[in-house]
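K.L.:
Input sequences plus hints: build the corresponding full structure.
Quick note, the sequences are listed as chains A and B, same order.
The opening residue of the first sequence carries number 1 in the working numbering; numbering runs sequentially from there.
The opening residue of the second sequence carries number 452 in the working numbering; numbering runs sequentially from there.
It is worth saying that the hints were derived from the structure and are not from the lab.
One or more hints might be untrue.
[Stated by the list, open to error] Subject to a maximum C-alpha distance of 25 Å in a straight line, what follows is the list of computed DMTMM-like cross-link-like pairs (lysine to aspartate or glutamate):
(1) A:Lys-25 / B:Asp-1154
(2) B:Lys-1039 / A:Asp-32
(3) A:Lys-426 / B:Asp-1302
(4) B:Lys-1039 / A:Asp-33
(5) A:Lys-315 / B:Glu-777
(6) A:Lys-20 / B:Glu-777
(7) A:Lys-426 / B:Asp-1301
(8) A:Lys-133 / B:Glu-551
(9) A:Lys-426 / B:Glu-1290
(10) A:Lys-20 / B:Asp-1120
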Amino acid sequence: MTSYFKILIFPALLLLACNKFLDVKPKTSTSDDQTITDASSANTAVRGIYNALESNDYYGYTFQTLGFFSGDNIQYVGSQTVNQQLTNHAVLSDLAALNTSWLAIYNTINRANNVLAKLPAIPSGAGFADSVKNQLLGEAYFLRALAYFDLARTWGGVQLILKPTSSASDKPSVKRSSLADTYAQVLNDLKAAEPLLPLTTNRIRATRKTVWALLARYYLYQKDWVNAETYATKLITDNNYTLLKPYNSFFANNAANTKESVFELYYNTTVTNNQASQWQPTSNGGVGWIKPTDAAVSLLNDPTIGGGRNTLVQKVVSSGVTNWYGNLYYRTVGTDPAYLIRIAELYLIRAEARAQKEDFIGSNDDLNAIRSRAGIDSANIQDKNALLLTIENENRVEFALENHRWYDLVRTNRAGTVLGITDERKFLLPIPYAQVAVDLNLAQNPGYSNN
Amino acid sequence: MNALRFDCILTMKGWIMSLLLTSVSMTVFAQAPPGAVVNSVLEGDIIDSLSRRPLESITVNIKGTTNQTQTDKQGHFKIRTGQRFPYTLIVSSIGYRTQEVEATGAPLNIQLRSSETQLSDVVVVGYGTQTKRNLVGSIAVVNAAEVNKIPVASFDAQLQGKAAGVQIVTNSGIPGEAIFVRVRGTTSINSSSDPLYIVDGVFLNNTSLQTLSLGGRTTSPLADINPSDIDHIEVLKDASATAIYGSRGANGVVIITTKKGNYNSRSKVTVDALAGWVQADKSTIQKLASGPQSATLANEWWINSGIDNPALNRTFANRPFRPVSEGGQGLPEEQKTYDRISDILHHGTVQNYNASIQGGSNNSRYYLGLGYTDQEALIRVPTFSRENVKFNFDQKLSNRISFGLTNNFSRSYRNQAFAGDGPQVNLWNSATSAATYTSKYATDGTSVGADNTYILMQHYDVNTVSLRYIGGIYAEAEIWKGLKFRSSFNLDYDHYSEYAYWDRYTSIGLAANGQANSTLTQNSTWINEQTLSYVKELGSSNLSVVIGNSEQSNVLSATSAVGKGFANDNFRLISSASQTTASQNWTKYSLASFFGRVAYNYAAKYYAEASFRADGSSKFGANNRWGYFPAFGLGWRLKEEAFLKDVDWLSELKLRGSYGITGNQAGIDNFAARGLWTGGSGYADVFGTPLSGIAPQQLGNPDLKWEKTAQTDIGLNLDLFKNRISLTVDVYRKYTSGLLLQRPIPGATGFSTYWANVGELSNEGYEVNITSTNIAGKDFSWRTSLNIAGNRNKIEKLPSQITQYTRDWVILKQGYSMNSFWLYHQLYVDPKTGASVFEGQDANGAVTTDDRRIYGNAYPKIYGGITNTFTYKDFDLGILFTFQSGNKSVNLNRYFRERNPSSGGVNAKVLQRWQKPGDITDVPRLTSIGNNYTIDQNSRYLEDASFLRLKELTIGYNLPKSILSRINLTNARIYFIGTNLKLWSKYTGDPESNVTSNPNAQGLGSFGTPPQPVGYQFGINVTI
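P.N.:
This is the structure in structure tokens:
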């Protein structure tokens, strides 16, 4: 008898001795306590930040659409009609794209924070040169600066989170910083990045030159015309960057990484840019939900205004009806770059800064560099306001299908006049409802429902 | 013993070794059966209690022995025995209720009932069986034969209206797709609320292995099981019944028992052939405005928008439907109407063939079933077919030791189509959302738009093969009198292969120059269980004990590849693609358990039961790995009390009560408790070469633990007039705490959610089941079975609200039911201006998020079914109605097709729009400006989705015995089955349809998903 009673309790005994059976470890992911520990993991972690930056929710699509539809160049005609709230400037805080973008930007920040917190502890040495280490740190600072810059220009001052989140109890206990403090953080990070990064040319990864380019834009937003001009000049005088002619050289025929580009994001068939399928008509394998507005199409097609920039739009005739679609994003396999900073922007930044400084000759020169590249007549405007307006309109067509128009009109306080927005509080978008609902420290922007 | 290492993981090999040792030792200890004392013969006849016809192949067994026989064609049996009178016979057969008959002398005349309830019926409970009389828990029993001809792929969809407290919602008319099943309400938010399914002891995987995105609709793994192989289904509902399944009991347990042969019975061959067709119920298909009507609406929309915002430059002069000579698409009245919906609908053929052979000798019994089913959907393209082989076998090695195996092999093949949400390659949607004035083909005869209905119908090439094995082996031994040991090893293995090719006529193929997707997914669950059970009679009282342990492990792995860029559409395999990407996934969990139950009754009058289970799950951190789940039940059969014993009209009166705690961990990620970083999130290095990256993926929570549901149940069983009427009533309250939730956290952390135990929710409800034999004459009988249940779900605690699905239509909020709708409430359309007026809007008509309100939810207040069965001589008639009441659904089809007449098809409903002052309507003035049509969450699209459905109507004719004996058949029946023949509902569409299989987004109906079909089938069933 005893022998088989032993057998009966055998499986039970097995279990009692058996916590190993219940200790199943994942294979697809790794534990978060062993992440950035050496040169290789530091490199991969920095690529992880870029990956968040270029994700579908950030520069890959959603964040871009907030500015697209808020401006007057790009319209949404697809099934998510709620996006028309942006065009109508009657945005409700529960608009899904707000929360999606918000999460993606802070996700990018958290990835950068992880690198900034963990990388300095890795000893440099044979496998990990100081120069590489500095470059990675510099890139993390730059990417965090860009993320906070995007938050600030879209929503105003935000909560500044500078430490990585490692557990759910690390919830932010800070309130929103002022807009000035948020921009100050952007400047801090850019200034920290500047000396760490190499003075090389790289259009898909941040270098010291990329920092300068963003600084030029930063100072333009701050109305610091001297610095804006200074930093723009650093790029314009660098012969690694030129205005390519014809205009479509920077995007047509599967171009990428051209000399026009200061900073663009690299996509391949694994990590895809999802604009093309939204822009291209169904006959090209897209859904055609995002289109240039009729006004933008007629500006671009006007040979005296658009010039060579008419290549941004194409037409398709279906059942006798002509439909214009945007053709900046056309690689439906998802490999279109996301254009963040082009050298043309630096010219127009400097043109605007010089106009503000009443250096009309210099300003007209910069403006005409853009106009002549597009193949339209040069301007020679000596009136400050007229010149600024011309630069504004030049920006509109030069970056017709890039995410500039809304932010340009807001920073120059012209959104009210141009877009007919009567309530200036609508120049900032509402904080996502889901965020306000879950974070008591996060106050809603004025002019929006206070949940 | 020393030879066996104390290895942690119990392998199949280890199990077989220990089992062999056990068997060997038991064979040694097995004793010879008691010797025969007297040799006598008992004879008798068995007839059907209603039809009075003699019954063949009925098994007659002398209780407590293996001695048994079967009736012959005249219903006569003869059994030789050594027993002295009185002794008890157990009379049983498939389709009839098992009876115990006391034999006090010969000959015996026994009447068998195929009716609904019998106190001596054996009911399957967790790790054992009980008679209905002794049942303390709340368990519903469904006889599979009553519903298994309904033309759907999986048995769960056939249960609608058949079991009290079981809510079944068939979301889609495509055969083989997942449906929505709830036993006593939804108990969880992010963990699974699906019941646990067990087939012959095998814990089934019920999570779809589908990886292809088909608009949110997924396939049902339960469709791999042939309903015809099922004998009966028990649904365990209250805690005393389910707690022995501990961690997986909270959502109810569905135990499926497949057919088995009988010992000592001659081989019986049954053939069943059923064929017919399915077609659309026109009342559930949307009505689109005609071409001219749609064009008129589009012009009106255009012009009104221009009036409201002159900057749009939309005027009468440049309206879209102006004369062709002016550059337009022609005047509205010149438009033609193209009816795509009628073209995509068709009569889908359905066929179902089953053959089985069963029988047994003294020591062995078997059932071999072969099945083939082939079902076309009511729309073109999707089909489902399945081949099954079922083999059950049991062998007695001696009086005390037996073993057996159960096997189900199946191959399910699906032609799939995108039916759900999303614009691309959406088959049903392409027909329902295209403008009726858009011609079917372009003038050159090719496609209009890439995802044209006609192109898709011809070019769809998505198919899936699921190869599945479900089965296991067991051995059982009686170690001592009343003490039984059982050990089993079961496996559920699914090899799921998906393939899709998108040619250049589809939008996906056009974008990628031809695209192929291929995924191989393998899911295997093994489970090993040991139980030791003991039954003892102690005078008037009766004790039964079962203890056991269980270990199980599940591995899910998938390898997928995508190829883009094909030379032409003749090359369709990924090896021919110019760009390929691949990925691989792997996940696993393990579960270890100990359980036990003690049941005691005194004089079949007072009952007490206690059960316990301890479960350890690899999903949780070491601190909270183990969960403990106790339950208690009490019963009191008042009928046995002296004051009721002699009341003739009262056959049974029993009060039951139970309380217990069950758990849940299903459906959450296997590694939910761990803080994780993901690899592969890459970017280019400084030289422009794409390389991998790493990034935070999820926050860990070492305190993550079991979700627990405490359930109280009080029940009553009442049988009157010799069981002519029998009533079961239960009321229950389930309270779930420590909800496993993807808890939202501030996005500033870089994360949006993490897994935590937060929130509590409750379900309260009642169930009533009445069966009655209204007429039981010699030629005519009429029986009725009615079940009604009501459940109220409420989120008791939730720190912050959570919204579901795109556009946040569905919300989870404290104080409200799950699946509540969060909408802007359109009060009316202002007769003066035609503007929508929303509750809470300000003087300018502006609304804010504050103005959104919660209106109704997707759960019915009352649901159930009523079955009436009539027999007249050789004819039989069955009618099943099912119903739900009080549930709401946002009609997404109306939302999409009534919000912008300038794009795509327009529902005819929009013709009722406001046009001039004084118009009273709920369809506002057409304009793209303002709130009339830009608010997605407009309550205008919320509809009452209550319904009454004539689910099944069966008419059968049994060939009379006189003919049968001439052609040498035991039984032959020809029958007709109609399904979903009639629907009564205020909902415009199929009230059960849902755009997604996501359970938290139930109540979003009619978009992209075809409705359930009407079915007409004719069949013949022959037993040789």
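K.L.:
Indicate, hint by hint, whether the structure satisfies it.
P.N.:
Outcome of the hint check:
For the hint pairing Lys-25 of chain A with Asp-1154 of chain B, the CA-to-CA distance comes to about 17 Å; that is within 25 Å, so the pair holds. Proximity of Lys-1039 of chain B to Asp-32 of chain A is assessed by CA-CA distance (about 19 Å); at most 25 Å being required, the pair is judged to hold. Pair hint Lys-426 of chain A plus Asp-1302 of chain B holds up; C-alpha atoms about 19 Å apart against a cutoff of 25 Å. Between Lys-1039 of chain B and Asp-33 of chain A the CA atoms are separated by roughly 21 Å; this keeps the pair inside 25 Å, and the hint holds.
With a C-alpha separation of about 19 Å, the suggested pairing of Lys-315 of chain A with Glu-777 of chain B holds against the 25 Å cut-off. A hinted pair counts as satisfied when its Cα atoms are at most 25 Å apart, and Lys-20 of chain A with Glu-777 of chain B does not qualify at roughly 79 Å. Proximity of Lys-426 of chain A to Asp-1301 of chain B is assessed by CA-CA distance (about 17 Å); at most 25 Å being required, the pair is judged to hold. Our distance criterion of 25 Å between C-alpha atoms is broken by Lys-133 of chain A and Glu-551 of chain B, whose separation comes to about 84 Å.
The straight-line distance between the Cα atoms of Lys-426 of chain A and Glu-1290 of chain B is roughly 23 Å, inside the 25 Å bound, and the hint therefore holds. With a CA separation close to 19 Å, the supplied pair Lys-20 of chain A and Asp-1120 of chain B stays within the 25 Å bound.
This entry does not satisfy hints 6, 8, going by the numbered hints stated previously.
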